[in-house]
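These protein sequence lines map, in sequence, to chains A and B. Its first residue numbered 1, the first sequence is counted upward by one per residue in our numbering. Its first residue numbered 1, the second sequence is counted upward by one per residue in our numbering.
Check the hints yourself; a few may be wrong.
[Claimed, not checked] Keeping only pairs whose Cα atoms sit at most 30 Å apart, straight-line, the calculated DSS-like set for lysine-lysine is:
hint : chain 1 : residue 1 : chain 2 : residue 2
1    : B       : Lys216    : A       : Lys226
2    : A       : Lys125    : B       : Lys226
3    : B       : Lys125    : B       : Lys226
4    : B       : Lys140    : B       : Lys226
5    : B       : Lys216    : B       : Lys226
6    : B       : Lys125    : A       : Lys125
7    : A       : Lys226    : B       : Lys125
8    : A       : Lys57     : B       : Lys125
9    : B       : Lys140    : B       : Lys216
10   : A       : Lys140    : B       : Lys216
11   : A       : Lys140    : A       : Lys226
12   : A       : Lys216    : B       : Lys57
13   : B       : Lys226    : A       : Lys216
14   : B       : Lys140    : B       : Lys125
[As the list claims (entries may be wrong)] Sample of chain A residues with no beta-carbon within 12 Å of chain B, all distances over it, derived:
hint : residue
15   : Arg37
16   : Val45
17   : Ala106
18   : Gln135
19   : Asn220
[To be verified] Over 12 Å on every C-beta distance to chain A, these chain B residues come out as not near it, computed from the model:
hint : residue
20   : Arg10
21   : Asp12
22   : Ala34
23   : Gly77
24   : Ile83
25   : His86
26   : Gln89
27   : Asn93
28   : Leu118
29   : Ala128
30   : Leu130
31   : Thr158
I should point out that these hints are in silico values taken from the structure, not numbers from a laboratory. Backbone N, C-alpha and C fix where the C-beta goes; we use that ideal spot for every residue, glycine too.
2 protein chains.
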Amino acid sequence: MNDTTKPIDRGDTTRRQLLEAAIAEFARDGFHAASNRAIAQRAQVNQALIGYHFGGKEGLYLAVFQFLCEEIRGRVGPVVGLIEAHLSQPVPNGGPTAEDREQAIALVERLVEGMIRLFADPQAKSWAQLILREQQEPTKAFDILYEGFMCRALRVVTGTVRRIRPQDSQEQASIVVASILGQILVFRAARTALLRHLGWDDIGPAQIDAILRQVKANANAILRSKD
Amino acid sequence: MNDTTKPIDRGDTTRRQLLEAAIAEFARDGFHAASNRAIAQRAQVNQALIGYHFGGKEGLYLAVFQFLCEEIRGRVGPVVGLIEAHLSQPVPNGGPTAEDREQAIALVERLVEGMIRLFADPQAKSWAQLILREQQEPTKAFDILYEGFMCRALRVVTGTVRRIRPQDSQEQASIVVASILGQILVFRAARTALLRHLGWDDIGPAQIDAILRQVKANANAILRSKD
DNA sequence: TTGACTTAATCAATCGATCAATTAATATTC
DNA sequence: GAATATTAATTGATCGATTGATTAAGTCAA
Numbered sequence: 001m002n003d004t005t006k007p008i009d010r011g012d013t014t015r016r017q018l019l020e021a022a023i024a025e026f027a028r029d030g031f032h033a034a035s036n037r038a039i040a041q042r043a044q045v046n047q048a049l050i051g052y053h054f055g056g057k058e059g060l061y062l063a064v065f066q067f068l069c070e071e072i073r074g075r076v077g078p079v080v081g082l083i084e085a086h087l088s089q090p091v092p093n094g095g096p097t098a099e100d101r102e103q104a105i106a107l108v109e110r111l112v113e114g115m116i117r118l119f120a121d122p123q124a125k126s127w128a129q130l131i132l133r134e135q136q137e138p139t140k141a142f143d144i145l146y147e148g149f150m151c152r153a154l155r156v157v158t159g160t161v162r163r164i165r166p167q168d169s170q171e172q173a174s175i176v177v178a179s180i181l182g183q184i185l186v187f188r189a190a191r192t193a194l195l196r197h198l199g200w201d202d203i204g205p206a207q208i209d210a211i212l213r214q215v216k217a218n219a220n221a222i223l224r225s226k227d
Numbered sequence: 001m002n003d004t005t006k007p008i009d010r011g012d013t014t015r016r017q018l019l020e021a022a023i024a025e026f027a028r029d030g031f032h033a034a035s036n037r038a039i040a041q042r043a044q045v046n047q048a049l050i051g052y053h054f055g056g057k058e059g060l061y062l063a064v065f066q067f068l069c070e071e072i073r074g075r076v077g078p079v080v081g082l083i084e085a086h087l088s089q090p091v092p093n094g095g096p097t098a099e100d101r102e103q104a105i106a107l108v109e110r111l112v113e114g115m116i117r118l119f120a121d122p123q124a125k126s127w128a129q130l131i132l133r134e135q136q137e138p139t140k141a142f143d144i145l146y147e148g149f150m151c152r153a154l155r156v157v158t159g160t161v162r163r164i165r166p167q168d169s170q171e172q173a174s175i176v177v178a179s180i181l182g183q184i185l186v187f188r189a190a191r192t193a194l195l196r197h198l199g200w201d202d203i204g205p206a207q208i209d210a211i212l213r214q215v216k217a218n219a220n221a222i223l224r225s226k227d
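Please take these sequences and the hints and turn them into a complete structure.
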């Protein structure tokens, strides 16, 4: 017998189906607009199972965000880990060396690229909708998101920016992080307007390249500017 | 008798009350979650009047976005008009003069400042929620937004960026515009996470100053960089 | 047989829409 | 200018449809 994969756990597959259906339904029009029946139908499952497995609609909603955090950590966790490792190296008394600085900039560039590719992924559409909505009108689910991956990511990247720009205060560095994040986020938050303005019908490989080139150049210009 | 202000038009005041209540209710949790009864109650008006004045819930929703466009044009229209006037000046054969370029950069800076102050305005919270949601899952309302103010604003700003960076293609210039827009938008789209990370409890005058300084510096670094 | 899981059915509550009846404002007539 | 007719606006009530939750009965593997 295999320990790691139980033969077939009916409950687990049902929970998984409900979670994935719930992500799609909650993402489309929000918590209130999604009906348990629509979620159950998409999951090809009886609607009473939402109550049985998650205690109710709200329980399912929160479980969705737990699930989301795990997925996101799986995608960006490794890069954040690399940055964290670099941060843990002690900084010399005279300030970071030039080589250290270049390494840090390269790591930020790598994170930027990973995030842009993540944001362009069609699967991320639902994720972005869920997260954006929680940012506007936070519920308990936002705490799950913040503690689940946002807090660590923001802290680590801000720390790295402070190594690249030692003259910056903690607050200034955080604003720099926000301004780089915004350049990526905008292609989700203002996606429809930008697609229409640019005459694009999707953000495919060619579009990702164009965005990537400009945002990387911008990040470099911002991180290296002395003001 | 005064011609410009009719004594009291019952219908107009009712429509106005319904529009303002609808903005708040639709913004909170979206179209489906807002109930006609909640909107009517907030407007202190009978709920049957939604059908009478706007034809139904959807009619009210679309009217909200018409109203929104007028409000936004009133706020950013003048600055966009200035930029448009500057754009209409013919460009010399040898390319824009250095003075012209500085004027254009100053205009973009001014627009950035106006937008950041607009985004920080508490009244804009509902506006941002409505617009962000339409960007994620566009309905007829998005067409109203795009034709109502987005199209012109994006076109004008992109044209100005092309004067500042003549080497850029139309597409590159649009991406530059997006990346500057993103630095402003992020403080709405990722507001809750950033407030928590920064330890701010609100975006007040002091915070606006800090953001403004950094974003203006970033915009300058991006617009002036030769890559 | 036991316990985890699933099903169909039903509950009160709320939804958007609609209607006839009523009131208020305006236009018309004498 | 007072009385009347006409239109616009508002009200309270009711419609069928859908909501989340719950329950008792049924299914399945160990």
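So which of those numbered hints doesn't the model satisfy? 2, 3, 4, 7, 9, 10, 11, 12, 18, 19, 22, 29, 30 and 31
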